[in-house]
Amino acid sequence: MVNIQQTSVSVIGPGHLLNGQPNQDAVLVKSVPTGWLAVVCDGMGSKPHAELGSKNACRAAFNIIKNVKFTVESKELITLIYQQWLSSLGRVKANDAVTTCLICWLSHQGELRTFQLGDGLILTSQKTLEPIDSSNFGNITTGLGKSKKFSDWQVTQQQLGKGDVIALMTDGISEDINQGAEMEFVNAIVNSIKEKSIRQAKTWLKNEFKTWATPNHTDDKSLALLVINK
Amino acid sequence: MSLKKFTVAKARALPVIILADTSGSMSVDGKISSLNEAIQNMVSTFKQESARQAEIQIGLITFGGNEAEMHLPLARAVDVEAMQPLQATGRTPMGHAFELATMVLEDKELITSRDYRPVVILLSDGIPTDSWKSGLESLCNSERGQKASRFAMAIGAEANIDVLEAFNNDLEAPVFKAHEARDIHRFFRAVTMSVTARSQSQTPNDLTPINFDELENSDDDLGLDLEGQW
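Residue numbers (the working numbering), protein chains in the order written: chain A, 1 to 230; chain B, 1001 to 1230.
These are computed hints drawn from the structure, not numbers from a lab. Keep in mind that a hint or two might mislead.
Computed footprint of chain A on chain B, listed as stretches where at least three residues anywhere in the stretch have a Cβ under 8 Å from a Cβ of chain A [said to hold, decoys possible]: (1) 1116–1128; (2) 1173–1186.
Below are the DSSO-like pairs computed for lysine-lysine, each with C-alpha atoms no more than 30 Å apart in a straight line [what the hints assert, rightly or not]: (3) K148(A) x K1147(B); (4) K162(A) x K1005(B); (5) K1133(B) x K194(A); (6) K202(A) x K1005(B); (7) K206(A) x K1010(B); (8) K210(A) x K1004(B); (9) K1005(B) x K127(A); (10) K127(A) x K1004(B); (11) K1005(B) x K206(A); (12) K1147(B) x K149(A); (13) K206(A) x K1004(B); (14) K202(A) x K162(A); (15) K194(A) x K1147(B); (16) K1004(B) x K162(A); (17) K194(A) x K75(A); (18) K1004(B) x K202(A); (19) K1108(B) x K149(A); (20) K93(A) x K1047(B); (21) K1047(B) x K127(A); (22) K148(A) x K196(A); (23) K196(A) x K1108(B); (24) K196(A) x K1147(B); (25) K1005(B) x K194(A); (26) K1177(B) x K210(A); (27) K202(A) x K1010(B); (28) K210(A) x K1133(B); (29) K30(A) x K93(A); (30) K1010(B) x K210(A).
Using N, Cα and C, we set each Cβ at its ideal position, and we do this for glycine too.
Excised from the complex, chain A in its bound form (with noise of 0.2 Å):
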């Protein structure tokens, strides 16, 4: 049985919270029979229904996660939460509740599968980072409700070990740090908690993200971050 130490967080950005609007974001770390399951889902801020989207795509991945076996198929896993997630929003257009969704799988044995459909970032220790593609610019995304397509979905397989650490972020997040210097992040945020209870945690992580250092920076920031104990 795999044991870890996780914690997540979600906080609204400045720029919704001067209109008014609910944070967009959406995530979730849940035991699942296979091992652990973590989502983070970022809702498209032009869309009505952001906030159900991102909500709604935590939940349709852990209904589906919770009741296969960890060697599913890629493509059907996907096709699977997908098809949930559509059925969850009933009358509301899926174009209406466009959201990102970053899944990351642990099984008992330390074997990580990954998920990613949209802008944010998956990193853990073991994986180096892909480039990012410069040719895009910020904001530009795609995610359930827009793309149709397996080929839009990254997803990678790694086997973890004692002591190494999972994180997905927001691209709320993603987007402000400096380029390389992603997993120096990661791992200051684990050297700060590590002492810490999990509600100390939790305040810790939440005071950072509302007094954000980048200048006029506006977006929700959700993080959740698991660190393998054995």
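Starting from the known structure of chain A, fit chain B onto it as the hints suggest.
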């Protein structure tokens, strides 16, 4: 321990690049003086608005005489001090202006991947006198040029509408036709309002509706049961 040292110290920018015709024909009917005034007003408004959310940058490429030139290198609007008034003279090297604009857009240090989708504005009262087609093609087909929002204004009856229409990629804002010098002010006011509205919005990239990509091969299709949800 603070996370501030890992974050980018620069606000995300919204770049605006103006391609202005300064050929000899712009010297008649008060066109060049109207243009000078309109650009000055735009810079003043951008300076006031930049303190809020996205930081507006402005760059000015002129094309008159034998070749285009970078009259105002792309910089934060708040840093633009006095601008040398434009002088109208010589031929219409529009193709060269397209090449300069492409260079600016593709400079990933000048416009980073975390910046917002740039706006490129073209205004002309005549017919290009150089080989404009290759310049326009390289701008419209470049990775970043095709993602930029491109607006065009035709000044007077002599303007080459075909070139301006080929440049314009905003379906909701067709080529603006200025019949007299004061229309130049109207166009600049409209663009200024559009840019400042974007800079204050939660989604500064949103200008045109999202189009779903057509699926290119069936293997990539997730096979979703959409039931009219799109």
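How the hints compare with the structure:
Coverage of the segment 1116–1128 of chain B by chain A holds. Counting CB-CB distances below 8 Å, 3 residues qualify, and the rule asks for three or more. Given as covered by chain A, the segment 1173–1186 of chain B fails the check, having 0 residues with a CB less than 8 Å from a CB of that chain where 3 are the minimum. Taking the CA atoms of K148(A) and K1147(B), the gap is near 21 Å; set against the 30 Å cutoff, the hint holds. Our distance criterion of 30 Å between C-alpha atoms is met by K162(A) and K1005(B), whose separation comes to about 28 Å.
A distance of roughly 61 Å separates the Cα atoms of K1133(B) and K194(A); the hinted pair therefore is violated under the 30 Å criterion. Distance restraint check for K202(A) and K1005(B): the Cα-Cα separation of roughly 20 Å lies within the 30 Å cut-off, and the hinted pair is therefore satisfied. Restraint check for K206(A) and K1010(B): the C-alpha separation of about 22 Å stays at or below 30 Å, so the hint holds. Using a Cα cut-off of 30 Å, the hinted pair K210(A) and K1004(B) holds, with the two alpha carbons roughly 11 Å apart.
With a CA separation close to 23 Å, the supplied pair K1005(B) and K127(A) stays within the 30 Å bound. Simply put, K127(A) and K1004(B) have alpha-carbon atoms about 24 Å apart, close enough for the 30 Å limit, and the pair holds. Under the criterion of a C-alpha separation no larger than 30 Å, the hint pairing K1005(B) with K206(A) is consistent with the structure, at around 17 Å. Taking the CA atoms of K1147(B) and K149(A), the gap is about 21 Å. The hint holds against a cut of 30 Å.
For the given pair, K206(A) sits about 13 Å from K1004(B) by alpha-carbon distance, which is consistent with the 30 Å threshold. For the proposed pair K202(A) and K162(A), the alpha carbon gap of about 23 Å is at most 30 Å, so the pair holds. With a C-alpha separation of about 44 Å, the suggested pairing of K194(A) with K1147(B) is violated against the 30 Å cut-off. Only pairs whose Cα atoms come within 30 Å are accepted, and K1004(B) paired with K162(A) is accepted, the gap being roughly 28 Å.
Distance check on the hinted pair: K194(A) and K75(A) sit about 36 Å apart at the alpha-carbon level, beyond 30 Å; violated. Between K1004(B) and K202(A), the direct Cα distance comes to roughly 17 Å. Compliance with the 30 Å bound is thereby established for this hinted pair. About 28 Å separates the Cα atoms of K1108(B) and K149(A), which keeps this hinted pair within 30 Å; it holds. Our distance criterion of 30 Å between C-alpha atoms is broken by K93(A) and K1047(B), whose separation comes to about 39 Å.
For the hint pairing K1047(B) with K127(A), the CA-to-CA distance comes to about 43 Å; that exceeds 30 Å, so the pair is violated. At most 30 Å may separate the alpha-carbon atoms for a hinted pair to count; K148(A) and K196(A) exceed this at roughly 42 Å. Between K196(A) and K1108(B), the direct Cα distance comes to roughly 41 Å. Violation of the 30 Å bound is thereby established for this hinted pair. In summary, the hint linking K196(A) to K1147(B) is not supported, as the alpha carbons are separated by about 45 Å, beyond the 30 Å threshold.
At roughly 20 Å between alpha-carbon atoms, K1005(B) and K194(A) fall within 30 Å of each other, so this suggested pair holds. Distance check on the hinted pair: K1177(B) and K210(A) sit about 47 Å apart at the alpha-carbon level, beyond 30 Å; violated. The hinted pair formed by K202(A) and K1010(B) meets the criterion: a straight-line CA distance of about 27 Å does not exceed 30 Å. A threshold of 30 Å between alpha carbons decides the hint, and for K210(A) with K1133(B) the separation of about 50 Å lies outside it, so the pair is violated.
About 28 Å separates the Cα atoms of K30(A) and K93(A), which keeps this hinted pair within 30 Å; it holds. This hinted pair checks out: K1010(B) and K210(A) have alpha carbons roughly 17 Å apart, not beyond 30 Å.
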